[in-house]
Structure formats: C-alpha cells, structure tokens
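Asks: Model the placement of chain L with the ligands on the given structure of chain F, informed by the hints.
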Amino acid sequence: MKAFARLLDALAFQSARNGKLQLLQEYFATTPDPDRGYALAALAGDLKLRTAKPKLIRELVTERVDPELFRLSYDFVGDLAETAALMWPATEGHCDPDGSPGLTDIVEGLNRLTRSDTPEQIADWLDRMDATTRWGLLKLITGGLRVGVSARLAKTALAELGHVAVSEVEEVWHAFDPPYTEIFAWLEGRDPVPDISKAPTFRPLMLANPVDESELLAFDPTAYFAEWKWDGIRVQVVSQRDGNGTLQKRVYSRTGDDIGDTFPDILDGIDFEAVLDGELLVVRDGVVAPFNDLQQRLNRKRVDPKLLDTHPAHIRLYDMLVAAGEDLRDLPLRDRRVRLEDWFGKTQPTRFDLSPILDFSSWDALSKIRAGARDSGIEGLMIKQADSAYQAGRPRGPWFKWKRDPLLADAVLMYAQRGHGKRSSFYSDYTFGCWRQDSNGSDVLVPVGKAYFGFTDEELAQLDRWVRNNTTNRFGPVREVEPGLVFEVAFDSIHPSKRHKSGVAMRFPRIHRIRWDKPIEEADRLESLEALIE
Amino acid sequence: MIRKIKQRPEDWLTVTPQGLYCVPGDFYIDPPGAVARAVITHGHADHARPGHEHALTTPQTLDIMRHRFGPGGVPDGQSLDYGTSLRIGDVTLRLEPAGHVLGSAQAVLEYNSQRIVVSGDYKRRADPTCAPFEVVTCDVFITEATFGLPVFRHPDAGDEIAKVLHSRKTNPARSVLVGVYALGKAQRVICLLRAAGYDAPIYIHGALEGLCALYERHGIALGALRSVTDAQTGELAGQIVLAPPSAARDRWARRLPDPIVAVASGWMGVRARARQRGAELPLTISDHADWDELTRTIHDVEAEEIWVTHGREEALIRYAALHGISARALSLVGRDEEESQ
Ligand SMILES: [Zn+2]
Ligand SMILES: [Zn+2]
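Residue numbers (my numbering), protein chains in the order written: chain F, 1 to 534; chain L, 535 to 875.
Treat each hint with caution, since some may be false.
Here are some of the chain L residues that sit facing chain F, going by a computed Cβ distance under 7 Å [to be verified]:
1) L683
2) L756
3) Q810
Pair ranges (Cβ atoms, derived) [said to hold, decoys possible]:
4) L:G772 x F:R465: 38 to 46 Å
5) L:G812 x F:D335: 52 to 60 Å
6) F:P192 x L:G768: 43 to 51 Å
7) F:L56 x L:T763: 38 to 46 Å
8) F:Q462 x L:P584: 33 to 41 Å
9) L:A729 x F:H163: 39 to 47 Å
Just so you know, the hints here were simulated from the structure itself, not pulled from any lab data.
We put the CB at the ideal spot given by N, CA and C, even for glycine.
So here's chain L without its partners, still in its complex pose:
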C-alpha cells in the first residue's frame, strides 16, 4: 500500500542564495539581486531591487519602484490589487495589506491545500498612509522580527508627536529637524502632525519631495509642504523640518537655525541607540511591529509553524516555544536591520 507522504512547506518555499524561492511558481519573493521573476512585498530598498526581468507587486509599490529606479529599473512590471488571486504555475498568489507603508503587502501562497504567508515588514498600529494589516490564517507564517525583543514596546505615536510640538513651542528661535526615512516614515509623521492640529507649512528636504508627491497622487493628503532649498534665511526659525537621517547629521543641516535634532524610529526606545544616532529629541515612531504586535500576530494567524526572519529571531522563537508554538529562524541574505529605504 502506498502512503502519501505529507508535503513539507520547505520543499516548495525554499531559501536559496538568490533569496526566498517558490518552486512550483518559479518566482522569488523580495530577492536581494536581480532575477527573472520576482514578487515584491513593498518598496523599501532591502525588499525592492531594480533590474528584475519581471516584477509583480501592488499598484502602489509598482509606482514607488518606478519612481525610485526609473522605467529602466522595472522593465516589465505587473500590478496585482489587494485581495485578488492569481494563478502562477501550480501556485495561487494573493496580496493582502501589511500596514507597513503605502502599498505594502503580505504574499499569501497556496499550493496543494497548504498556505504560507510571507508577511514582509508589517505593523498593527493605525496609520493613515496605508491600508491596515489583514490577518490571514495559514499553515506557515513568515514574520519579521526587527523589534523582536520585549524591550520594544512602541508608545502611542500621537504622544511622540506631541513632543515635537512642545519643543517647537518652547524654542521659537530654533527649528525642529526630524530625521525620517523618505518612504513611509516621512509621510506618516506629516499625517501625525496634521492629526495633532498642526496646519502650518512643513519644510522638507529635496530627497523627500518625490515620494511625498507620489503619496498625494495616491490620495494621501499631506497639507502644505515647502522645500527647504527655497526657504529664505530666518524663515526656518520655529518651523518643523523633515529630512533623511543622513542629512540631519550632515553639513546640510547647518543651514537651519540651531536645529533641535529629532529622530523618528523604533530604535529610539532604547536610549543608548538613540544617543548613537545623535538625537536630542528621540521619537519612538515605528513602521515595524513592536514586541506586543509580533507576539499577538503569531497567535492570530494560528499557524502550525512560524518562520522568523530579519531581526532578533532568538527572543521571538523563545516566546513561541514558551507558548507551544513551533518556530524557527529563516536566515535570508540582504536584509537590513535598520529601517532603510
């Protein structure tokens, strides 16, 4: 009598030197180098690379990739709306919102009645700049663990933004320079400021202009934005200025009147890290899940197995073990532990 051997998920979704590879669909997910066929979860640089012969992603992410890499960097892009299934070889692929940045998606893969969810980067907090994370139950859930330690408990983002407004009010002769990543964090911080009632123009670094305009085109209202380059000397006192973190540490920042350097990142919750980044005003605002969101999610998805990637896998695996959930590390090349663009 022939017994059918249970299909193992790692047999059809495998780690290769070129990245995470789906065998029956013949495509990679977020490969670090150019490949023939790629599915991209979102537009950050450690997930979206230029030069794939064929790239499949959400319409928003495709737009972001084209903006960043130029048309030549995405020669054959195909978009797939959230929630729409697509058959690729013997696999069915669906993209569901990940709540990380505009266009970010979880890749839901089904093969022979087994379901694997590749969540990419995600968060569970409210964020007006993108669709909220969708829980998809599955057999295997692949989670990030950027903030996979119980010391990471991101405070309410509104309280962090209140610090910016307080600083601005108490230092009218200085500008508040907020270091933000160009994709996602910048637009979220702007929306948070607007939600806190701040409706004055916000000054932005040239590197943020294109993506802010792109967000606007996708219906995310950011209010009045001005270019720092066009500002007169003296105009920036008492103003809020957004720039990439590298520019905040650079000569570029010297044009600002005695800036108070704020940095908006999940790492700011740990003081030694915040000091390393030279922040005078650390703002713990993150587009990645914190410890509570990570642990809640691995319960919510009811998976048989959790695969943990890019971050502090060890602690999350320990947590899973303590709660009777089977989990293991999945080491992928090319993942950046910082939130890069």
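Here chain F stands alone, though its shape is the one from the complex:
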C-alpha cells in the first residue's frame, strides 16, 4: 500500500499528462503482481471494493482523538481522508515499513470481512502505516481517488509498458478482472495476446467529436450519413455463444460496465448472436420518453417490476460490430449498415429498432432538419463518414456530433464548492437558483442546477475571489454566498424531477456567461424554466 499511496500522492501534485504517464509507468514497471493490477483497477475505476462511509472514518478518529481537536483540524484541512490520515495517533513501535499491509491484503481483506469486523481491521491497518499511506488507504476505501487519472490514461501507461497501441489494451481489457495478471503477462512478453473471440466482452466504443456548421462546410455532404442523436445512454449489446453453446448476453454502458441486470426486459428480448451499438431509451408506444424516465430505471440497484411496465426499456440501433461471430469493424460504415438492416429484417428482435438514416442533400438542408427537431428524445445529430471503419476511441475526423442549440436561463449563484485536483484551492462547482414565490408570497431562490465548467481560468480566479468575499455560511467544502451574481446558464434540455426541490432537472448545465452586470432581481423565475419542459 505504501508504494501505491506514494503514487497517488505524486499524481495528485503532477498536472502534466506526460508527468502522470511517467509516474504510472514507473509504478507498473517496479511493482509486482497482484498489487499493480489492483492499483490499475482502482485508477481505472474498475475496482469493486466494499467502501467505508465517511461517518465510519470520523468515528474511528474521534474514538482516538479529542472531537474538538478533530473539528478544528477538519475545518482547516477541508478533506476528511486527509484530516484523519494526518492526525491519526502514531502507535509506538508499530509503524515499521515491512509490517505495513500491502494493497492486495487490503483489497482481499475488505472483500472477505464482515461489515462488523471492518472498522477494527481498518483501524489496525491505519496503526501500521505512515501518514501518506493512511491517506492513500482512506482515499481508496472512501471511493474517491481523484488524482486526475482517467481510465484511458491508466491504460495508455499500461500500453506503453508493453510497447503496444492503447486500442490493443482496450480490446482485451474487458475480458479480464482485476488484478489483470494475464494482461501484464502479455505486455511483458511472457504470454501471447489473449484470445477473446469466444468471450462476451465489451468492444471499445467509437466516439464522435463535436462540430458546428461552419466546420461542416469544408466536407462533401454526400460522403456522410446523418442520423438522430437520441437522448438516452449509449450501450453495446453483446450476445455470444460460449463453449457449451449457451447464449451469454450482456448490456454494457459506454464505459464497459455491465448493466444487464438492471434491464431484464432487454435481456429477454435478445435471442440472437451479435454485437450491436445503440442507444438505450424508455419508449412508450413508439415515442421516446424524456431522459429523466430512463434515469429512474438506471438509478435502481434492484429491478422494480412496476417500473418494467411503466418505463419500458428499448434499444435503438446505430451499428453492428459483430454478426454471428464475424467481426465487421473493419468494413466501411455503409456496408455495416447493410448488414445491420439485413440482419434486423430477418431477426425482428422485440425491444429493438433501427435508428433511421436521414435524407439530406446539403449541409444547409441538414441544418433545417436539425432546427425542426423538437422531439424531447433527440439531442442533436450524428454525422458519420460513410466509409469509416469502426475504430476504438475518439478518432479525429470520421464521426461528428452536432448538438441542438442549447437553452439558456439566467440564474443566481447560491452555493460554491471547492473543486478537485488542480482546482482544489478554488471554489469551482457552482449551484445556482431561480426565483419562485414561497407560501408567504415572498420571492425566494430555489436551486435549479449545478455546473463546474464553461469558464476560463481567469474567470475561475475571479469567481473564486467573489465567493470568498461574499460567503455567508460554510459547510465543509461548501460555501453559501450572499445572492449577488447572475450566471447565464446553458443546458440541453430540462425535465421534471421529484428528486430536486425545484421540481426540475437540467441536462448538461454549464456556465455560458458570467453576468457581473446583471441585477439578481432580473434572473429567471422557476415558471419560465418549467415552460421549457417538453
């Protein structure tokens, strides 16, 4: 654990991508299995670990140190794991470097222990660690590493270890579980490339780059397909016969998480062998429901039989990657589309349909089609080169997404929270609200959304200063501010929501402009947001 904690610590202070890669490579090259595999899983967000609640950490510390001293310290440090790690009392003669537990001991230990044994075990580990290692452990078990390493970056470092392309790593990645000893064996030349053709694994997705009309003008419209970008979640359906001839069915999210268990209605509709790319939606009588309806299906751990009826899931297909064991990914899109349509005509699977290809002759005509789309299930357009192969990642060029113009509202800054990583000294996450009348007939602000991007570094510094100068209340990393600053907020759509006090939820809110000039009384009212619900 000590080496992993040192790595996390160094990563947290290293903002350059190359610097991070260098640290990761050094760690992977010098750390033995299975520690490095668990570390990789933790960094890539693929480590399934029984996590500890902040409350437990707080209790463990205040059993050992004065609660008042803890409060003063937490106030100063602002981060629970760090406060606990720093003030944990040293145990005499306990902290010898060789006696401190390894990452593998911890991962396997946590998954073996019963809930009631966990606190004592964590305390024992903390007793045997130095401050940085304690911090690493607490970050790991409270489930937030936040050291600015994406899954993609971790895999890139891994690929460099074996001198292969990152797409090769991603191709085999989902066939294995932590600690990925098979992948390390391959990358270190001890084993051949793993054969995954028989496994129902996730194939890395091909993603699109955003585009606007002026950029499109440079391209020949006849070389492209256009289709709607549906407002659900992108999924990959994998259905493959295993060695025993049993159909193995999976529904993967775009990050490769298997979400099939949450969607038994979809799984029941799969009676074919293929790998398909599509959009998961809630569809009633052929009409796509707002994203929020799908959200209700996604947020459940256990399937609610009632929701299966009221919120039926559906997949609208974009592409076909594998047909009955034949890999189609190197074919041009136009040929894959023919295969998809043929297959669909013959198979007619329930709960699936095809995303139609739109007919257009010029970018101008397509722009009109885009402007005319008022359907709440549509997020914009996808524009794909007809001869594009299906490539992993987000290659520059072949695929574009052309989103619908955003909606705008003026909202008042209410709360600000400290950011993470490079932004941890800045108040960079903003909650803003709109006006509504309370029961006494007076106007009050009610939060309508939260955004943490859409501004420049310079604006961030100004906002941070504004927040610090206008704070009225503090709760941990959150500051409440005196209403006084208006944001012009852009968002893609707005939906009714029972989980929010305002009754509405914005999709993709971001700060469009900071209206330093605008009086808060002129910010929008909740009613005008409600009117934007489609």
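Replies: Using the frame of chain F, we list chain L with the ligands on its own:
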C-alpha cells in the same frame, strides 16, 4: 495586617499596541515598529524590524540584522551571548537557543522571582545550522502556534530531501527548483542535501547569496554554491536550484530548463495548501515546531501558565485544557502566519 498580593505576570509583561512590553525593564520584545529599546529573538522580518534606537540580541542575529537593514537600520546594536545574564532595570534577561534559525533565541525574563520565557519561533528537531532548543522551566511560557493543529506532524527532513534527489535522478533533463526562505530554510536545505551525500555545486538565486555567505562566516559549511545568474544555458539541466518562493513562481524561473517546482515548508503537509503554492514536489521541511513538538514543549517547561501566540492558538489551548495546563491566547500585532523572512 498587610497581606502581599501575588504579583501577576501580565502586570510586568504586557501587550501594547507597540508590541510585547516589559515594564520594569522598559523594553519591547520583537516589536513590529521602531521603538527606543528592543530585544530581538531572531532575524525573520516579523520579529526583527529596522530603526530601533537600541537593539539587543545574539551576535548572530545582530549580524543578520546589519546585513539586512544596513548599518543605518541598526544604529545602536548590542549583542548578548547565549546563557549570559544581563540586568536591565529591575529585570534580568538571558538568551537561550530556540533552534529555529542561526542566532534564534528565547528571551528568559526574571523579575521578583518570577520567570517568563518568550520563546519566539522555535523547533525541537536537529538542525546543523543553529544551536538546539534549550528547555528552560518557568512560570509563564510564551509559545508560538504556527503549526498548532494535530494535523501538522512534520516527517523526517532526511526523507523529504531524498525526494529531491530521486526527482533529480529520474529527470536528468530538468532542473529541480526548490522554493526556500532566504534566512534559515535555504541553509538548512543545503546542509540536508550535503548530509544526504550530495556534493555537487548547488545553484542559488541572488537573494540567497548574502545570507549563505553570512552563515559560512559563522562556521556553517555549505559546500560549493554557484550563482544562477552566472550559469550558462544548458548548465542547469539535472541541477538543484534554490530560490525564494516568490522567484520560483516568477518569470525568473523561466531561465531554468523545465523546472520541477519543489517547495520546502511546514505547510506542505496539507495538500490543499501545497497545491495553492503551486508545488509539484511538496517538501514538508519546517523551522517551526510541529504539533508533537509544541505539545511536548508545553509539558517540558512545567509552566503555571502558557500564553499562545501567532498561529492556531485555539487547538493548542484546547490541548492544554485537556491536560490540566492553564493556557490562553496572546494576540500580538504584526505576526505573519507564513514563515516569512
Ligand atoms: Zn521565524
Ligand atoms: Zn515568527
């Protein structure tokens, strides 16, 4: 029958707008502005100011003050060696080592068989650049609390220096730029590097040159030092460079090849603080006592009362209360919470 009322320490050592004032000796201790008579604990800017008509301090600190303020800034300086008593009015004054920086002292004041120790800034760690802290038992101990929270537990300075050497080794094309205060931290970091076996020349910013030479004159060997200004382009790759923290953030640093910015300060132990300072390589090396040193010291001096100043008084006072020691905050003007020079 006349009963003698017990003399209260705050009656003869009082907080005034001009600073901490000793009534029976008619002098101030570390006053923030110019006064007639001042006793100075050490050379940092929040303790030593120019322009006092008469200043009394250790020979080393007097030398530091003259270097920093010029002869005109210290018109009438008097030096007092560690451990030597001096009668001033009705008070006896003695200076004892504080272990903070070269020449740093605790002022030990005795009046009518009552003893108050004004410790200035201090630490209890080993430091080859200055005399180690001397425990003086007393009635009232005035302590700093710069790092007065239990989250401040400074690691072994040698381990921190090992990080610098590791960084240098793994990045041969870059220079390692260590942000250090000119008085104390710079010389201590140099000595720590030398103790870790690093004997190559160390490059220093012009602002550090005078004080490094002064330390050498007081017998602190620093090894080969070179001026960054004189270095050829390319010469600095793979080298260790020391500069004041402000220069490290400044255009000045652009002359260095892709520097790895290290900052050596007690604040580096808290990550959000380290990030605020823009450190890529935070080094928790402090010339102030950490929590364990502070709490150990308030036991060691066996005082009736602890007065806590410049820092996070609240937590240390809470600690004292939990251990049955009477303590209170003493708010002095002009104290800087950062380790300034
Ligand atoms: Zn000082
Ligand atoms: Zn000071």
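Asks: So which of those numbered hints doesn't the model satisfy?
Replies: The structure breaks hints 2 and 7; every other hint is satisfied.
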